[in-house]
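Colleague: Chains as they are written, first to last, in our numbering: chain A, 1 to 137; chain B, 1 to 137.
Check each hint, because a few of them may be wrong.
Treat identical chains as interchangeable: a pair holds within one or across any two.
With a cut-off of at most 25 Å between alpha-carbon atoms, the simulated PhoX-like pairs for lysine-lysine come out as follows [unchecked claim]:
(1) 114 / 132
(2) 93 / 114
(3) 16 / 63
(4) 16 / 120
(5) 63 / 127
(6) 114 / 63
(7) 93 / 132
(8) 120 / 63
(9) 63 / 5
Treat the hints as calculated values from the structure; they're not laboratory data.
There are 2 protein chains.
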Amino acid sequence: MSSNKETEENVEFVPKFDNNGLIPAIAQDATTGQILMVAYMNREALDRTIQTRRATYYSRSRKALWKKGEESGHAQQVEQILVDCDQDCLILKVNVDAGQCHVGYQSCFYRALKDGTDNKLEFIAEKVYDPKEAYKK
Amino acid sequence: MSSNKETEENVEFVPKFDNNGLIPAIAQDATTGQILMVAYMNREALDRTIQTRRATYYSRSRKALWKKGEESGHAQQVEQILVDCDQDCLILKVNVDAGQCHVGYQSCFYRALKDGTDNKLEFIAEKVYDPKEAYKK
Chain A
1 MSSNKETEEN
11 VEFVPKFDNN
21 GLIPAIAQDA
31 TTGQILMVAY
41 MNREALDRTI
51 QTRRATYYSR
61 SRKALWKKGE
71 ESGHAQQVEQ
81 ILVDCDQDCL
91 ILKVNVDAGQ
101 CHVGYQSCFY
111 RALKDGTDNK
121 LEFIAEKVYD
131 PKEAYKK
Chain B
1 MSSNKETEEN
11 VEFVPKFDNN
21 GLIPAIAQDA
31 TTGQILMVAY
41 MNREALDRTI
51 QTRRATYYSR
61 SRKALWKKGE
71 ESGHAQQVEQ
81 ILVDCDQDCL
91 ILKVNVDAGQ
101 CHVGYQSCFY
111 RALKDGTDNK
121 LEFIAEKVYD
131 PKEAYKK
C-alpha cells in the first residue's frame, strides 16, 4: 500500500515494465486528441524516445526496436510523455503528418462496433494514403 | 498474411485476447477526447460492456470483474467501441462525470515527464474529488 501510494503521488518516473519487459504506449495526436495507435516499448525504446523526441517502439512480432516511420516515412515527433497512476502505461502526445496506421488510415482505430450487434464492425474513416506506395521502398 | 489482411480489412469483430485472456481498453472522453484510463477486459467484461453500455473491466489485482463506478460512483456510459487494425486493443468512447482516477483526478494520466529529464515527473492536473470521501462506503 505504501509503495502504491509512492508510485501514485510522487514525482519519480519509475515505469513498470511487464514480465516481457514491455509497457504499452498510446500515441495521441497532440493537436486533435485523436488516438492514433497503441504499441509497446522496452526500456531501450523508451530511452531512445526520450533522447531523440521521436517515437521508437519495440515490435513484438519482429522482436526488434522499431523507429516509427523508418519504413513508411510517417514518423512521430514527441511533444510530451504522460504516465498513469500506477505507472504501467504511457501516453505520447505526438505531432504527425498523414497516415499513422500501416493499413492506410490516419489512426489504427478506423472501425467501430456496429450499434445493436456484438460481432460486426463498421468503418468510420477513409484511407489517407496508399500503403503499397509508402512501403514499396 | 492472409489472416492479417482479413483481420484488418473486414467487418468481423474478432478481438484478440492475450495469453491471460485479456485485451487492453482505453477509456476516452467522448466529448473532450481526453484519455481517462487504460484497463483490461476479459471476454465476459467485454460482453457485459456491450450489453449494458456501461464499462465493465477485469481487475488484474483482484482477479474479478470490475464494474467501473460500483464503489466510487464514477461510472462510464459507453457511446462507442473502437478496435484497432490487428484487433488487440479497444477504445471506449465514454461519457463521464468528474473524477475517473481512484487517486482523485479526472484522468489517470495526471503527470508528465519533466522536460530535459528522463526520471522526473511533474503534475499537470488538479484533483477533482476527494477519494477518501468517494471510497469510504
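Colleague: Please go over all the hints and tell whether each is borne out by the structure.
Modeller: Do the hints match the structure? See the list:
1. 114 / 132: neither (29 Å within a copy, 39 Å between copies)
2. 93 / 114: Between copies, since 14 Å is at most 25 Å while 29 Å is not.
3. 16 / 63: both (19 Å within a copy, 19 Å between copies)
4. 16 / 120: For residue 16 and residue 120, the Cα distance is within 25 Å only across copies (15 Å; inside one copy 35 Å).
5. 63 / 127: Neither: 28 Å inside a chain and 40 Å across chains, both beyond 25 Å.
6. 114 / 63: neither (34 Å within a copy, 30 Å between copies)
7. 93 / 132: neither (27 Å within a copy, 31 Å between copies)
8. 120 / 63: Cα proximity of residue 120 and residue 63: none, with 32 Å in one copy and 29 Å across.
9. 63 / 5: So residue 63 and residue 5 pass the 25 Å test across copies only (21 Å; inside, 34 Å).
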